[in-house]
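Peer 1: Spelled out, the chains give:
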Amino acid sequence: MGYVLKKSIDIFNVKLSKRENSHSGLYGQRKYKLLKSLLQSISRYNQVTIVYSSTSRKGMVNISTAIEMIPQLTRGLAVTISVLIASAFIAYIVAFIAGLSKISKSILLRKFTGVYVEVFRGTSLIVQLFWLYYAIPMLFNIQLGSNWWIGVIAIGLNYGSYMSEVVRGSILAVDKGQIEASIALNMTRYQRMRLVILPQAIRMMIPDFGNYTIQIMKATSLVSLIGMRDILYYGDIMRSSNLSQAPLIYVVVLLMYFILALPFVWLTRKGESIAKKGVASQ
Amino acid sequence: MNNGWKWENFFEAFPLILKGLGATVGLTFACFAFALIFGFVWIFLKHIPNKPFVWTVDWIMIFIYSTPPLVQLFFIYYALPMIPVIGVTLNPFICAVLGIGIHYSTYISEIYRSGIESVDKGQWEASKALNFSAFDKWRKIILPQAIPPTIPMLGNYLIIMFKEVPLASTVGVAGILTIANSYGALHFAYLEPLTIVGIIFLTLSYPASILIKKLEVKMNTRFDKNTIIAKPNKKVHKKMNFERSDHIV
Amino acid sequence: MSEQSVKDIEKINTLNTEQIVKYRNVTKSFGDFHVLKGINLDIYSGEKVAIIGPSGSGKTTIIRMLMTLEEPTSGDIIVDGKNLWKMKRNGTSIPANEKHISELRGNIGMVFQHFNLFPHMTILENCMVAPIHVKKEDKKEVQERSIQMLERVGLGNKLNFYPSQLSGGQKQRVAMARALVMRPKIMLFDEVTSALDPELVGEVLEVIRDIAHNDDMAMILVTHEMDFALDVADKVLFLDQGVIIEQGTASEVLEHSKNERVQAFLRRFRKI
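One line per chain: the protein sequences are A, B and C, in this order. Per my numbering: the first sequence = residues 1 to 282. Per my numbering: the second sequence = residues 1001 to 1249. Per my numbering: the third sequence = residues 2001 to 2272.
You may find that some hints are simply not true.
Stated by the list, open to error - Label pairs and their calculated CB-CB ranges:
1. C:Asn-2214 to A:Gly-114: 48 to 56 Å
2. C:Gly-2031 to B:Lys-1213: 21 to 29 Å
3. B:Asn-1220 to C:Ala-2264: 53 to 61 Å
4. B:Trp-1059 to A:Ser-146: 35 to 43 Å
5. A:Ile-81 to B:Arg-1113: 28 to 36 Å
6. A:Ile-85 to B:Gly-1022: 36 to 44 Å
7. B:Gly-1122 to C:Gly-2156: 23 to 31 Å
8. A:Ser-82 to B:Trp-1007: 34 to 42 Å
9. A:Ile-85 to B:Trp-1059: 23 to 31 Å
10. A:Ser-104 to B:Asp-1136: 51 to 59 Å
11. C:Arg-2268 to B:Glu-1110: 47 to 55 Å
12. B:Asn-1220 to A:Phe-112: 24 to 32 Å
To be verified - Calculated pairs, DSS-like style, for lysine-lysine (alpha carbon to alpha carbon, straight line, at most 25 Å):
13. C:Lys-2139 to C:Lys-2088
14. A:Lys-176 to C:Lys-2099
15. A:Lys-270 to B:Lys-1051
16. C:Lys-2135 to A:Lys-176
17. C:Lys-2185 to C:Lys-2136
18. A:Lys-270 to B:Lys-1214
19. C:Lys-2082 to C:Lys-2136
20. B:Lys-1121 to B:Lys-1137
21. B:Lys-1019 to B:Lys-1006
22. C:Lys-2088 to C:Lys-2185
23. B:Lys-1019 to A:Lys-111
24. A:Lys-105 to B:Lys-1213
25. C:Lys-2158 to C:Lys-2082
26. B:Lys-1213 to A:Lys-111
27. C:Lys-2185 to C:Lys-2086
28. A:Lys-105 to C:Lys-2099
29. C:Lys-2082 to C:Lys-2099
30. C:Lys-2140 to C:Lys-2158
31. C:Lys-2099 to C:Lys-2088
32. A:Lys-105 to C:Lys-2086
33. C:Lys-2037 to C:Lys-2082
None of these hints come from the bench; they were simulated from the model. In this text, a Cβ means the ideal position worked out from N, Cα and C, and glycines have one as well.
Okay, chain A solo, but in the shape it has when bound (with noise of 0.2 Å):
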């Protein structure tokens, strides 16, 4: 059954590629218009990986065939670091809001944002990507914009919610007698915050930010599902009309989100001997 359901996937994939619809991927409607034609389909599908098998026999691995490979993937690159950019940018920005909100006076700010944090914690990212893709336009009758926006608005706000937290955490972990310090040094609450707390829970909050980066820089490769041209898009493209090449292809997908992800990786463990310095902690 698996194999079978393997198959009208890899066909619906060939079909679209050659289609360049922009309203594809593999949620996209179009998948059940051909569905009706599946079946009549996959005797010309096997003739197609009988001849891809018999120019490269399976699975062999090929130096040449990966570095072949890198350009075309480089294509969905463009894709995938703007929604990174653009979506850790929203992300980081909604963390301090939602974040500051949540510490705030007004009971009304906090109790919103307790719901904001809550609904976008307690649903899962995927649903929210859908929801915004497929129900959206239902709802309103508006399109917002275009598929990026919509993947850059998903992500960030999912991460925006769970960020939120490491932004209150770390703004309460500052040690009490820094406030009090800048009390008696007769600051305003503007002043405290932005001369005093901030930065102090700024060095702090790096760490978990850039474990976060980590994850919205893999949680950009869903994308891919609501038609989106990133890294895994095209490799699914080149998979889908070279089956025997999967491994290959995957490992230079991977490998290529794992260079995006070194930076992080570093900041991450940097910022753990940032934040120890500079910061007085409970």
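Model the placement of chains B and C on the given structure of chain A, informed by the hints.
Peer 2: Leaving out everything else, chains B and C in the frame of chain A:
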């Protein structure tokens, strides 16, 4: 186009989607169990006294940790059967358990590590002094102390994995999200079924996270018992400070 | 009357008679725990007051309320003729707002037991941050004054050091310079030597002694250093269980007290 919210869709889709909940929850526990076990494998590998080997294991873990689980899932599903000699075709359910389980085992193993590191140094020395075998040392002294304090953290990961499991629908494992999507495609009404999925996730994970927070507090008091007895004022003082601190900033 | 107490009385007589701080029936409770039970206290401008007493007697709370770190449960604290925690609007007394408090708080500086230096700033920046941002003073002038002040406490050669690079005694001296740069009329010292290693206590007390003898601000010291209190304080208060049970000149309280509880406390201290 079908615009706006329709209650008839909601009530039609709800029982259908609920039927998939068993599969989603089942897959969650399967992935979690696998990650729990595989987490120990990492710990075991990292305790082999060979530096280059441990270094390699370390980087393999970082690699798995920092690359998308979706790609790892595709690798197991599409690529594994194509690898010569060891290549096998697995059914999608097993693929999902392997893919999500291995990915999260790196997180779980970090939790184990923090638990093990929190065991007092004296305990290691004591087990040496009592001449325990390596196996007994771990089984009778270290792990019984290291693992219980990590239970709330492990619980958090159970919730996180529950929310990650819908990824499995991309390789054809049915669950609540798969059903919602099929319903949406058939009736061209995605709004209601996807909202139902969101509600189901929220109603299960939110109470669970509250439960785990409570467990965490309970665990903390249990494992800090000695310090509380030694310094009775410290905790009261801390609590007072914390209550004030929420608004002083 | 001893020669010392005659000298003390003369000293008080020469002081400015204007009261800069007044406590009137001030109480403070945390839940069911009554820390202070009706404090009445006058502090004249330029006066040096030491507060002593067993731990938990509420000494620190007295000065924390003046620094607006705690709000009194009842009673009034008058600073410079104005009620610190209450203000008048349309003829009725209402809780003070941030602006009112901040206006009066500008008269007061405080040095803490645990220094509370800002770890992300150099010691020079620690001294400069408040005058520049709070008092909006000229940066150059503030820098000059801060350097002078740090030289006065003996740290002129460490301007660009971070607090983590200093010893406890040095940190506490920076904390004093930081408070002094703000030119307060009242300085509060909250057990400033309690967190220090014994060999570092001397250098900190030396600075306070210098301030006490040369500056004309009022000082309130919560301290366990009895000999030091005897040396610098014009007035000593003995606090026990939230009540001032004795006050007078340093020698009256520390050397000639008739009160049993004061004597018992001082005996315990002398033994150590």
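Peer 1: Hint by hint, work out which the structure violates, then give me just those numbers in ascending order.
Peer 2: 3, 7, 13, 18, 23 and 25
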